[in-house]
Each structure stands twice: as structure tokens, then as C-alpha cells.
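There are 2 protein chains.
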Amino acid sequence: MNGAESLVHSLLASGITTCFSNPGTSEMHFVAALDRIPGMRCVLGMQENVVTGMADGYWRMTGTPACTLLHCGPGLANGLANLHNARRARSGIVNIVGDMATYHRPLDAQLTADTEGLARTVSGWVRTATDAAQVGAEVAIAAQAARTHPGQIATLILPADTAWNEGGEPAVRLPDPVAPQADPHAIRGAAIVLRTQAKVLILLGGRALRADAQALAHRIATATGARVLAEMSNARVERGRGRPQLERVPYPADMAIAALAEVQHIILVNAKAPVGFFAYPGKPSLHYPPGAGVHVLTRYEHDPIAALTALADELGAPEAVIPDPGPRPEPARGLPTPEGLARCVAATIPDDCIIADESVSFGRGFFQETHAAPAHDWLQITGGAIGCGMPLATGAAIGGGGRRVLNLQADGSAMYTLQSLWTQAREKLPVTTVILANRKYQILLGEYQSVGANPGRTAMDMLDIGNPDLDWVKLAGGMGVEAAKAHSLEECADLMKQSFSQPGPFVVELVI
Amino acid sequence: MNGAESLVHSLLASGITTCFSNPGTSEMHFVAALDRIPGMRCVLGMQENVVTGMADGYWRMTGTPACTLLHCGPGLANGLANLHNARRARSGIVNIVGDMATYHRPLDAQLTADTEGLARTVSGWVRTATDAAQVGAEVAIAAQAARTHPGQIATLILPADTAWNEGGEPAVRLPDPVAPQADPHAIRGAAIVLRTQAKVLILLGGRALRADAQALAHRIATATGARVLAEMSNARVERGRGRPQLERVPYPADMAIAALAEVQHIILVNAKAPVGFFAYPGKPSLHYPPGAGVHVLTRYEHDPIAALTALADELGAPEAVIPDPGPRPEPARGLPTPEGLARCVAATIPDDCIIADESVSFGRGFFQETHAAPAHDWLQITGGAIGCGMPLATGAAIGGGGRRVLNLQADGSAMYTLQSLWTQAREKLPVTTVILANRKYQILLGEYQSVGANPGRTAMDMLDIGNPDLDWVKLAGGMGVEAAKAHSLEECADLMKQSFSQPGPFVVELVI
Chain V
2 MNGAESLVHS LLASGITTCF SNPGTSEMHF VAALDRIPGM RCVLGMQENV
52 VTGMADGYWR MTGTPACTLL HCGPGLANGL ANLHNARRAR SGIVNIVGDM
102 ATYHRPLDAQ LTADTEGLAR TVSGWVRTAT DAAQVGAEVA IAAQAARTHP
152 GQIATLILPA DTAWNEGGEP AVRLPDPVAP QADPHAIRGA AIVLRTQAKV
202 LILLGGRALR ADAQALAHRI ATATGARVLA EMSNARVERG RGRPQLERVP
252 YPADMAIAAL AEVQHIILVN AKAPVGFFAY PGKPSLHYPP GAGVHVLTRY
302 EHDPIAALTA LADELGAPEA VIPDPGPRPE PARGLPTPEG LARCVAATIP
352 DDCIIADESV SFGRGFFQET HAAPAHDWLQ ITGGAIGCGM PLATGAAIGG
402 GGRRVLNLQA DGSAMYTLQS LWTQAREKLP VTTVILANRK YQILLGEYQS
452 VGANPGRTAM DMLDIGNPDL DWVKLAGGMG VEAAKAHSLE ECADLMKQSF
502 SQPGPFVVEL VI
Chain X
2 MNGAESLVHS LLASGITTCF SNPGTSEMHF VAALDRIPGM RCVLGMQENV
52 VTGMADGYWR MTGTPACTLL HCGPGLANGL ANLHNARRAR SGIVNIVGDM
102 ATYHRPLDAQ LTADTEGLAR TVSGWVRTAT DAAQVGAEVA IAAQAARTHP
152 GQIATLILPA DTAWNEGGEP AVRLPDPVAP QADPHAIRGA AIVLRTQAKV
202 LILLGGRALR ADAQALAHRI ATATGARVLA EMSNARVERG RGRPQLERVP
252 YPADMAIAAL AEVQHIILVN AKAPVGFFAY PGKPSLHYPP GAGVHVLTRY
302 EHDPIAALTA LADELGAPEA VIPDPGPRPE PARGLPTPEG LARCVAATIP
352 DDCIIADESV SFGRGFFQET HAAPAHDWLQ ITGGAIGCGM PLATGAAIGG
402 GGRRVLNLQA DGSAMYTLQS LWTQAREKLP VTTVILANRK YQILLGEYQS
452 VGANPGRTAM DMLDIGNPDL DWVKLAGGMG VEAAKAHSLE ECADLMKQSF
502 SQPGPFVVEL VI
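As you go down the protein sequences, you meet chains V and X in turn. Sequential numbering from 2 applies to the first sequence in this note's numbering. Sequential numbering from 2 applies to the second sequence in this note's numbering.
One chain only, chain V, in its complex shape:
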């Protein structure tokens, strides 16, 4: 057995059965091994940020790491932005990066790069194998590392000779790491704050945004008068009918500071005290009042269900009914507005829809209008590196077991990873993409104006992406995805509804 075969056997033994890939010459022995050994679903992406973003979406829906297969330092570099987003989502991913043969590396051939240095910028675990006999054991450790709570990126670099040399030894699955439990003192401390203090905010992040944890937080809040919010950017929020009507900390600095102005205590549940996405001259970096008490109930790696259950019990909080969000909205009509589009989404999505949201500036109010939608999952861009939405939607569809995915997608960000549409067509995935075609980097225009001026010609050369306008019907068609333009909300709602009833991908270009 060669090293490549031991890799595939060890991945499968470790429960990794999906490989998002864009291989190159140095990975051909891995491709050959994947071809010979059944059990791995291999999905090609035509650029590596598509590959890594799919792995992120897959983890968010399954809680199981996928592996990626990437080509040397530059192939990894091409996927780093979405690995950055995955790192911020705390997703578990096993990157397999092929590289120069051990003895060839010192010759500094053209593709030679600092692969380890690149990997280290996004990974919780990095190792370079030097011997075919190690590969199996290394991959088992990498899979375990990826599953370490709350999830992390493990990168295994495999020089080509570790693939083709004989002596590979398949490894068995290592024990899954167990989520640590919160400190009992933290639970008692939080209970004291909630019992004795006013203006307490319970801030939920990560795993605490699943429905069960939200219900516990709602129960605690109902008993104590505390407020509950989600962090600004979240890997996955379970929401819609039957779930608490949770809002997020706003993105714009002024709005976030206003929303948190009254807070005197923050209890962090798998979350971090809110800071600005960026600094701005004369504005504070901390978005909560500097005098507020910050109390950590659970860190990212902790089990929030056990901690929230213990906290609710400690408080003697009775069961609390989740309030009804009111009737499901009717689709809105007329010219596209953020609220109107959100109502169309709430009115049309099927049960158990997955929403991949990279709507950027247009989408800030989407939560409010979609509380009465059928139960769904909402995935956000977590690291601020644009080009996340379409790969995330693609990977979520692959991990979603047939659930429909709706990708609400800003046009400027879409252009970063539009190759995702081709994978959607190839794999016949149930993804509806609504391109929010405002034809500018709207978020930057807003930021520019807040710098104090109206943009002149040179600034518009860098902020406006009209001239020429993108035609998303042609772009999607060029990659084998059916598409149509919508100029009104009713057209958009009709096209979305149609797409939900059909298999395979569809793109709506909503001109806004």
C-alpha cells in the first residue's frame, strides 16, 4: 500500500467521506487512490476559495469535517480567504495539501512556496509528513484535531513522495474529542448577576445559536428580565417559526453602540464581547459601555446546552413559551427594498430551508421580517472576507441532505467566487441564488461618504462596478445554470417559488 492509499483509507476510517478538491500534478497519486478505493464523494471546485468555502458550508450543516485536496502553496493560498471565514466560523476542516517531493523541495522549482507558512495563518493544526509510513497516523490525528471543539482547521501537507512511496499504514479513527463543561463557578456567578442586576444582556454565539440553546436562553431571560442577542456574524442560526425572535448586534458602529448603550452586564455564551468590525476615527472600538461587567458563562469550546440548563435550574426558571411571530407574511410587491425582499423570502421559502447570506449592505434588516418564516437555518459570512456566500451555499447543499438552499448574494462579493455556480450545475444542487445587483460596492460607498466626501471620478473608478454592468443571466448560463432577471419583488418572488419546486440550481438577478 502506498502513502496515498493509506491516506484515503484513514480518511474514510475517520468518518471523512466528502472531498472538495482542486488537485494538481503533485496530487495525482491521491487522485488515483481515490479512484481505486470506493467511499469518498469528490466534488471539484474551479477555484480554491470555492473548494474551501464548500468545506465550511458542509461542516456548518453536518458537524462532520470534509477534507479538501489542494495543490501546493499557491493552491492553498487561493483558498485562504474562505479558510479565514471558516476559522472565524470555527468550522472543522481537514486540508490535504500536496507539495513538492521531500528531496525536490531544496531545488526551489517554480511552484515551491512556503506552504507551511501559508497554512499557519488559518489553521489550528499544521503538520508536514515526511514519510509514507506516517501518512495514515497523521490523517487520523488531523481528523481528530478538526473535530476538537468547537471545530478547527487542520492542515496536513503531503510531499508527493509520501504519496507514491510504499509502506503506507492505514490508521483507525481516534476518539472524538468531548466538549469540555463550563466552570460551575461561572454558572453560579452568572446566576447571581441575573438575579441581582438590571440591564443584563445574554449574548449567544457559535453552538449556542441552535434552537435548543436559544430556547434555554429564552427561558432564562423570561424568568430574569434579561435581554438576549446573537453576535453580529454567525456560522449558523436556527430560526423562524418555533424559535425565539432573536436579533443580532448590528454591524454599523453607531447602531451597535446605540443598541448596547444601556447594557450593564453581558453574559457571554460561546460568544465574545462586541467590538467594532473596523475602527473609525473618534469612535470607540468596544461597542458595549466600558463600565459594563463582562461574564463568561461558556467559552467557544464549551457545551452551551449543559451550561444553560444548569443556569436555568440554578435560577429555578420555569419553562417559557416561545412567542408566536404572527402570521406568515405575504410576498411584497413593487420596487426591491431590503424589507420587501425579506418578506418575499419569508413568504416563499420551503420548510427547513438553508439561507446562505452574503447580502452585505442590503441585508442588514433581513432578520426582522423573517421571524414568521418556516423554520430555517441562517448562515452568515463570519470573517468578513467577501466571496463566501456562493461556496457556502454549495457546500451547505451537499451537506444538507436535500434541503433547499437560498443564497442571498451581493453582486460584488459574488464575483469573487462565481465559479461556484458551475459546481452547483455539475452536482445538480438545490441552490437558488438571488443576486442583489446594485452594481456597486455599496458598503464602501457608505463608508466613503462617512469619511466625509462625495466620491469623485477616481474614487468611483474603485467603488462602482457598473460600467460595464454585469449580466448574471449570461454569467450563470455560461456555467450551465438557468437564470432570469427580476426588476420587481413580485417577479423575484415568482422566480424563487418556481425554483423551489424544481431540482437543481437557479439564479435570479434582482436589479436593485
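Not one of these hints is a red herring.
Any copy will do: because identical chains look the same in the list, a pair fits if it lies in one copy or spans two.
Straight line, CA to CA, 25 Å or less: simulated PhoX-like cross-link-like pairs of lysine-lysine:
1) Lys-429 with Lys-498
2) Lys-429 with Lys-441
3) Lys-475 with Lys-429
4) Lys-486 with Lys-441
5) Lys-284 with Lys-200
6) Lys-475 with Lys-441
7) Lys-486 with Lys-475
If you're looking for bench data, these hints aren't it; they were derived computationally from the structure.
Since chain V is already given, all that's left is putting chain X on it; use the hints.
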């Protein structure tokens, strides 16, 4: 004056007048300064590998660094693959990377990343400013670093507060570095080898591939019976009618080893002794005979003209006529073949054309058929990171002063940076792209078969990019570039010729 304004003044003073950009929020003060201070041409790319690849192409044609404007660690990460290619081309580029404000960075907001760590993997010079007052001086040093022979990547990271704070001080241009001269002993040593030894190969790279240096090498070779070759991958070769009929070291290992089998001495002129692009089991990593003598005439940073002139004089080599390449070929007809396409290129290109070649597997024989074409420049992918050709063509057009660019472009690689077409449309650039649509990663299929097997279903899932076929007419149209399909060489030649007579970009999808 704030730091951002001092940046723009110092860039302009340092002779940097073109900015390839994809800015974000942390760069808004730079955008505002570029808007207020005239003199900088700002060109937007819709993904950072487009931006950095354009800067590479610009340098290759002008020998003057452009600057890039990139957004934080992930924005830089997105452009690293083409910076890797630029590093291997030894191109001079000044990267300006905005980042978190100095005091905001410790808060680890979502976009915070190891920007310096990423920059270090491709840069010869990296610095992070910490104060608005430093920015001007830093940029002058960065510009000087980029011009250090043969050219290198200088990355200046600017935290947002160094842009918006007052106290900026514009800097004057620092002296341009002078190329060092070759060691006189190396010149005498090479002369002795050439005079006394047989089977000598003069291997040219970098600056030694301009017409003047090639003519000197030809003169030396004619006088001594030595052979002259170019390295396998080159930033820019001046060639065509009036230039020596120079061939390259072949890419496939077996062909390279065969081509160099008789060599007993290699004289390196701004080049490196040939090694394999990759290692292969049982094949040598060095592609020249292990017993051959390797003699360094000039290193990358040396002035090859002075060294070759001194060497020719030392040898008393008489002037040598450049042989006539024969009549200009007629365009080929019928089904597309590599040789036929090369003849169509030779038959149709206008004078002083720039050819950006990312033809990968299809293009290995292009040189032989194009010696009799009008004088032209040939730019190659230098670092093996695919997705280089279209950005390179775009940047070469901007730096080319109106010269026509022909981009011979493999389809799989084209998908990496297809956003380049939008910039070509926006800037109305004279670029003709011929997409070589074989609908597979052909180079990898060849590599796979050499691993010893015919690809099965899983392997084809990763190597075949048909299913669905890409439609490049639609993709180009979606970005505002006119396009047409060609199924035969005569159709292709007609479309190329038409495009050469019109301003602006055009895409030919050549189905092969």
C-alpha cells in the same frame, strides 16, 4: 496632511503612477486621497489575483513598479497566487495593504489576520507602518526595494489610523538601485569554457531574454559553437523576425532530460540550472547531466548586457547575422492543432504584439511555429500558479502603450481569474483572448495516465471540466466583452484578425 495623502504624494514622487486596486473599508482614506490628488491611474479588479497579476504584467512591459491597493490579510491572500508568479518573474511591485487600526488590532475583530505572515511568503521586503509620519518615508523605501535588481515585491502594510491621522510627510524619490556587474573572473572563466570545451549550453533567463542580450549570446554561440536556450518559463522573451530563433528547455521531464543529455557545460546568464517542475518516481530531479559543469556568468541581479558584451569581446567574437526565419506562415486551416494555431498566430498578429501565454498543455510547441512572426514579446506563467494569463494580459495592455495583446489561454486556468475580462471591458483594453476550450484539465489527465492508470469515474470527477461545458461566449458577454466561438482554425484566424483591427477586448472560444 494625513498619512493617506502623504502616501499618494510619495508614490507619485517615486514614479509610481498606476494603482491596481480592490480596496475595502480600511482603505477608504487612501481612496479619498487618490481622489483628491491627481496623477494616479486607478484600475479596479474584481478579485485580487486579477489585481496582482495586472501589476505583474505592467512591470514586465514597463520595468516600472505599479502599486496595488489591497484589503487586509484576506484581500492580500486572494492575490498571493499571482504574487507568487510575479516573484518567480522577478517583477517589481509595491503592495499597499490596508489593515486594522493599530489600537484595534489586539481586539481580534473578524477580519484580523496575520497580514505580515501572508506578505512574507511572497515579498522581498515587508514593513508595517505604525505612525502617519512614517508612511511617506516607508513608501519611498518600498518603491526603491521594488526596483532593486532584477525587481522584487515590496509590501507595505498600513493600519487604518496611519492613513487618517494627521502628520503625514511626503517623501522624495530615493535613488534607483543600479544593477551590479558580473564578476570579471566569471567572464574570463566562461570564455575559457567556451574556448576549450565542447557541448556548451548558454542558458538565458530574465533580462537576458531581451533582444539585445539574445543577439550577444547568438554572436558568442556563432563564434564558439555553443548552443543557446531559454529557461522553461520566462517573464518576457523578445522574439519573432529579427531575433534569434531561440527555443526553451522543454517542460515534460523526459523531453527536458533528452534535450540536455549531451550538455557538458552550462553557462548561466541570469538563469538557473534546469530542474524538474515536479519530481517523478524514478526520474532525476536535475534535468541536466549530473557531471556537467555549471558556470554562473551572471546572477539574476546582474546586468547581462555588460557581461555578454565583455564575454564576446574577450572571445573576439565577430558580429553575427541573425538568421532569417523564412517566410511568414499562412494561417492554417481545419481542426485545431497546437501547430496550426501557432501558425495562425504567426500569420495574423500585428507588429509589436504582446503574447500572454497560459496555454499550458496545448501550447508547448508554439515557439517553433512563430519564429517568422513579426517581432513580438512573449510572456509566460513563471511560477506555475494557474490563473495568471488573463490578468497578465490585462496589465500588459495597460503598460503596453497601445500595443495589441494576444492572450493564449487554457480554459481551466482561465476560470481562476475570468473577472479580468470585466476590467478589460471597463478600460477598453486592446486584448484578444483565445480560450483553448478542451474542457478538461488536460495537463492533469496526462500526468494521471503517467501515474499508470486510466481514470475512472472519481478521477474524472476531478480532472474533467465538461459536464457542464463552459460557454465562454456567454461568460465574456456577461462581463461586457464581445465574443465568438470557433471550431476551425480558419474561423479562429478570421476572428483574431478582425479583433486586431478593432479597439477594445474580444474573446474567441476555440473548441479543441
